[in-house]
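A.B. asks: The primary structure of each chain is shown beneath.
Protein chains: 4
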Amino acid sequence: MRILKMGQVGGGIGAFIGEVHRKAARMDGYVQVVAGAFDINPERSLEQGKILGIAPERCYGTYQEMIENESKLPPGERVDFISICTPNSTHFPIAKACLEAGFNVMCEKPMTMTVEQANELEKLVKKSGKTFGLLHTYTGYPMVKLAKKMVADGDIGKVRKVVVRYPQGWLGEVARSNPSLGLWRTDPKQSGASCCMGDIGVHAANLAEYITGLKISQVLADLTSYLKGKLDDDGNVLLHFNGGAKGVLTATQIGPGEENNLHIFVYGEKKTIVWYQENPNYLRVLSDSEPEQVWKRGNPYVAAKSPAAGRCTRTPCGHPEAFLEAFANHYKNFTDTIRAKEIGEKPTDLELDFPGVKDGVRGMKFINAVVESSKGGNVWKKI
Amino acid sequence: MRILKMGQVGGGIGAFIGEVHRKAARMDGYVQVVAGAFDINPERSLEQGKILGIAPERCYGTYQEMIENESKLPPGERVDFISICTPNSTHFPIAKACLEAGFNVMCEKPMTMTVEQANELEKLVKKSGKTFGLLHTYTGYPMVKLAKKMVADGDIGKVRKVVVRYPQGWLGEVARSNPSLGLWRTDPKQSGASCCMGDIGVHAANLAEYITGLKISQVLADLTSYLKGKLDDDGNVLLHFNGGAKGVLTATQIGPGEENNLHIFVYGEKKTIVWYQENPNYLRVLSDSEPEQVWKRGNPYVAAKSPAAGRCTRTPCGHPEAFLEAFANHYKNFTDTIRAKEIGEKPTDLELDFPGVKDGVRGMKFINAVVESSKGGNVWKKI
Amino acid sequence: MRILKMGQVGGGIGAFIGEVHRKAARMDGYVQVVAGAFDINPERSLEQGKILGIAPERCYGTYQEMIENESKLPPGERVDFISICTPNSTHFPIAKACLEAGFNVMCEKPMTMTVEQANELEKLVKKSGKTFGLLHTYTGYPMVKLAKKMVADGDIGKVRKVVVRYPQGWLGEVARSNPSLGLWRTDPKQSGASCCMGDIGVHAANLAEYITGLKISQVLADLTSYLKGKLDDDGNVLLHFNGGAKGVLTATQIGPGEENNLHIFVYGEKKTIVWYQENPNYLRVLSDSEPEQVWKRGNPYVAAKSPAAGRCTRTPCGHPEAFLEAFANHYKNFTDTIRAKEIGEKPTDLELDFPGVKDGVRGMKFINAVVESSKGGNVWKKI
Amino acid sequence: MRILKMGQVGGGIGAFIGEVHRKAARMDGYVQVVAGAFDINPERSLEQGKILGIAPERCYGTYQEMIENESKLPPGERVDFISICTPNSTHFPIAKACLEAGFNVMCEKPMTMTVEQANELEKLVKKSGKTFGLLHTYTGYPMVKLAKKMVADGDIGKVRKVVVRYPQGWLGEVARSNPSLGLWRTDPKQSGASCCMGDIGVHAANLAEYITGLKISQVLADLTSYLKGKLDDDGNVLLHFNGGAKGVLTATQIGPGEENNLHIFVYGEKKTIVWYQENPNYLRVLSDSEPEQVWKRGNPYVAAKSPAAGRCTRTPCGHPEAFLEAFANHYKNFTDTIRAKEIGEKPTDLELDFPGVKDGVRGMKFINAVVESSKGGNVWKKI
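Chains as they are written, first to last, in our numbering: chain F, 2 to 384; chain A, 2 to 384; chain L, 2 to 384; chain W, 2 to 384.
Bear in mind the hints are in silico, worked out from the structure with no lab data behind them. Among the hints, a few may not be true.
What the hints assert, rightly or not - Derived pair list, reagent style DSS-like, types lysine-lysine, alpha-carbon separation capped at 30 Å:
no. : chain 1 : residue 1 : chain 2 : residue 2
1   : A       : 382       : F       : 216
2   : L       : 383       : W       : 229
3   : L       : 342       : A       : 51
4   : A       : 159       : F       : 231
5   : A       : 190       : A       : 366
6   : L       : 271       : W       : 229
7   : W       : 131       : W       : 73
8   : A       : 366       : A       : 231
9   : A       : 229       : F       : 382
10  : A       : 231       : F       : 382
11  : L       : 150       : L       : 366
12  : A       : 383       : F       : 229
13  : A       : 271       : F       : 229
14  : L       : 73        : A       : 51
15  : F       : 383       : A       : 383
16  : A       : 366       : A       : 131
17  : L       : 229       : W       : 271
Said to hold, decoys possible - Which residues of chain L face chain W? A partial, calculated answer using Cβ under 8 Å:
no. : residue
18  : 221
19  : 223
20  : 227
21  : 237
22  : 381
Even for Gly, the Cβ is constructed at its ideal location relative to N, Cα and C.
With the sequences and hints as input, model every part of the structure.
C.D. replies: Take a look at the structure:
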């Protein structure tokens, strides 16, 4: 397997998510970070590159510079893909530039600031023929992939109802412990149209659509800014899916002591599926007529049911996997897709099992719809 | 403590909830069932009375007969209160007749079929001076009383958000295993305006109001009948509370494998409270700045914090209490209130801590509002 | 069903376990407390009787008096059985006297102070033909009965290993908060040969034998008194069962924050069974080749598998049952056995499913063996 | 921070633990695998090296060859340390050779086959001045480090009792599904004196000693081979610690459905600590007088209490970490120690917080003692 060369935009010293991208990318040993525009300050970019063991000449001050210089290197030497881990508002222009220059792109979420940009990017990806990944982390968990398979196989019957919740508490904590602190998350210039829904609500929507295989057709939202910011820090959303299923999505960033408690209940005609992100190695299946089943990651029966889950398993049962591995799974499938296309093969469905530009478009439309619904007086908005 | 004499309407052979009332009433030994109109069939009523060890002359064929005859007995001998455990549509006329005849009443939920009846009953209770209890079981749990106290004391700060869920699966199971079975729950004549919301949604609303001390000011509901019955078997409701708190209430009766999974998250400005009915001896308190606390029923620190919880505790910590005890707690406070009034004392707040006619009125208004909201196209309805 | 008349020895004002006996006995309405020697002080006995609504002439000062007077009453009027809820050291003489006078007996644990007394009582029970119950509470839980059935049916294969733990913390807490308090539990005159093993270790042994259907053949024990009392407050015991299974039993009364955390793992050749007393409505079944199963009390599949569990179920699934119900189950089966014998029928196995004198003998032998093993330098002792 | 160069012995194609070592080593980006004797078959070693992107000239057929050639390279180029991931019986000779040649060593567990070898290695490490790490994975978890700190700070009072359990089921599953399969684990030539105790019991002992800061002074063991192999597949062990604490250690490899369920209860005079490896982000602290506390990885209060835990934290609270991260933590501290020594600094206690040769010696003595105890008829053996 060819070790792919990764370039990174963002991920400078002290940047959390940039380091997560690197950890995830190199987890399996098939990706090497060889270049980066880590910081808008060239010296700090160089410093980060030095720490990371990257050749100084490939530590760039801007993404434009990186694109320009890397493009000049011969195919086997230049970066195979570029990871974008910069502030939200810059994702779109960077992604656009990378694609136009012919680079594959792995992009941190959110993909863009507007639906229009998202649509434009989708066209661009199609036109470029490049591989585009978007870090909706939570669909990378093996037990989420197992859940998707169960639904697809009809094990739980037709989906009737989805309850998906994503409570966090950190923003409330910031406001409480640092009342004077500027809350950039609630600044539209940096977060776009929504804070809570844009940051985490969209993850919950993505998870629900991934597992059920359904699309949210319309939403009715009640968003709130408890912290009196410019954007929502909390939201409750009624969901209608195509095909008649309904649901509730509720997310918050001001729930004290809630850490990252994303969880989902999918109610089918025959069975119910339950999954909690904070205890991700287990998938519960409820039934009226027989004992609850607890499926446990790493067992042969999981891989037998869901090759996608089996493929994304690194340690045996009882040796828990967690967040970084879920993140790494997206890198794994993303890079395998690049490798397949590189040698002229059609990527398999297993390889293509990572979130991409379509998820980004869906996400922007979801955010847009909930914001409009709430502003419009809590009325239904089609996605 | 005087052993009170209880008469029962309903609760015939094989009737589940009637037996629960008896078990709960006699748990502490201070209530004795001495009379009953257990069945509309006088012979079967007599048979049930015989099984229960009740004098044949006090086994009545109708509640009217019971009221008439018991009224003639001298005060120390006649029933002190009447428990109503009949089909929903009969609660109101029976309760009315009992009150008018001067009997205290413990009434199974729902109190009435309409808001008008509820209002009428409220006036009647006031006028009669009698004690009226309504079996909203779940506020009988000690840890729910503890939760209420924590909120009242400001321990979690001002309440911002409530998420209360009440998923069950039994109605779906009935439909699945007995498709030809008439589902009486979904028949408006027997269930009133709503099935799922009337049966369990109202419990969830009651629990939320009890713990937070707030009132739901308006609702926006999306009710569904997945089973294609005449009434809802599922509902998702956005909540607004007076004072600015918001919330979500979701209930279902078609969630496969969901048993009686009522649970609530109350998000305050400082802390979060979490309680699950199916594991009722524990109350979790979440905080951003310190470890989660798990308060455990039966410990001195619980009683020290909440005398209401301490008073409703029968076994030491680690010796779990459950549903019947919660039910019994309402009987305990209800009968202690009767005893206090009997000797001319004002019942204490601890004694008065049981659901009554005001909860019944609130409940009917809640049901009415969610049904109207849903029928009206998912719009806000004031309660 | 005939309502049986119960007399009680002990259970005076403020006595915890005596009230638990009464609550459990009257839970189903088929037992009535009509007489008692509640307190060694006749006036206080009378006072308790008054509170309980018992005729003054049947409130006795001593158990001898109760036996004498009740014996004179006609069969339908006199007590049908006597519950013994007195301090440990008096269980034997009272039980003996009751049996000799022809009364059925329900006895609080421990049955006796010595193995010799236990053997004598066993003979006496046999000779008398009376029904004798012993309150090993924990085998009263439905899910424990289900576990026993699974093992008996071979569902988990031949039992290989048992790990049973019973940690509590209250004795350590007493010592910590009231260092000057006399710890009667650690006084051999009141507790017999052992404190921790006699009080709770024996419950754990009883539970292990009940579920597995095996007998502990020998023990190797390491007992400790961390509180420097005369008797053990902690013990670790290696177990050998007949047929080759092995195990570990560990109990403590000085584990801070441990409430009543009895739990058991039974490892068979094919599957594993797990049960926790503090969350008693669930039985987990583990397997290497399929998802874990969580069996939940109150479901039809539980009653279908174990009629003994189904019979001891009062509320539907999701409406949890707990300690008092487990206690009541023993009273239910005990009194049904009395009723069956009364009408000349052979009690069924389901009715006979309550702990009796044989469990008492086993218990005393177990306690004796672990004490001798520990005193003898941690060597194997046969039971 | 200098990126260290790692050589690996073992870890060929398909070898599970060798890949875990690589994943863990490169997680933080400060270790690069540059050489390896991955397989005893030189061609397959080369093939693995190719997959890993290693220069062909540094893919060796034997560890001797690797040591010889790498020694010839200049300091900045040659491997900084060698990871040993070969079959158990070869750990000692390879480690010895590496140390004698002046290489730092990270060794898979068990360190040696005998106590004598362990003692010899300890001397060799001391003499060589090299850094030696041993992969007792479980002490790498942040919450284990937090537990250690709590005990060291006296938060739970003097430790009285330890219950540590390590149940697995895989060996029973192998025997069940492949009865003809040679069970190498139960072959003394490959596993040494013990299978279950050598493989996992020793982890449990190491965990108990690490958290409590105490040493096990003597053991009394009852080992069993349920599978009728030459070595134990199960064991129950009574423990005595220096200073008077006692405990129980029980481990099994034949518990159906048990995955890797290592867990520990540490009972102090004041509080109890509970940790489960399969749900490793949480540490429970029990107390008699206040609610249970659940400490959650990634929170500032954890790092404030235990810098060792804080230092070994990569993702925020609620973004779970797991097995690979625990593994990586040992690599992190091990390599930081090498770096510190390299520049002439004394490694800090935080850097030195990884298992080493002393743990290996303790482990071998523990294994030796339990085997002798069991063979000797379940008698106490000093360690």
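A.B. asks: Does each hint hold? Answer for all of them.
C.D. replies: Going through the hints against the structure:
{"no.": "1", "hint": "382(A) - 216(F)", "result": "holds, 29 Å"}
{"no.": "2", "hint": "383(L) - 229(W)", "result": "holds, 25 Å"}
{"no.": "3", "hint": "342(L) - 51(A)", "result": "holds, 21 Å"}
{"no.": "4", "hint": "159(A) - 231(F)", "result": "holds, 21 Å"}
{"no.": "5", "hint": "190(A) - 366(A)", "result": "holds, 18 Å"}
{"no.": "6", "hint": "271(L) - 229(W)", "result": "holds, 16 Å"}
{"no.": "7", "hint": "131(W) - 73(W)", "result": "holds, 18 Å"}
{"no.": "8", "hint": "366(A) - 231(A)", "result": "holds, 20 Å"}
{"no.": "9", "hint": "229(A) - 382(F)", "result": "holds, 26 Å"}
{"no.": "10", "hint": "231(A) - 382(F)", "result": "holds, 27 Å"}
{"no.": "11", "hint": "150(L) - 366(L)", "result": "holds, 26 Å"}
{"no.": "12", "hint": "383(A) - 229(F)", "result": "holds, 25 Å"}
{"no.": "13", "hint": "271(A) - 229(F)", "result": "holds, 16 Å"}
{"no.": "14", "hint": "73(L) - 51(A)", "result": "holds, 27 Å"}
{"no.": "15", "hint": "383(F) - 383(A)", "result": "holds, 26 Å"}
{"no.": "16", "hint": "366(A) - 131(A)", "result": "holds, 23 Å"}
{"no.": "17", "hint": "229(L) - 271(W)", "result": "holds, 16 Å"}
{"no.": "18", "hint": "221", "result": "holds, 6 Å"}
{"no.": "19", "hint": "223", "result": "holds, 5 Å"}
{"no.": "20", "hint": "227", "result": "holds, 5 Å"}
{"no.": "21", "hint": "237", "result": "holds, 5 Å"}
{"no.": "22", "hint": "381", "result": "holds, 7 Å"}
Of the numbered hints listed earlier, not one is contradicted by the structure.
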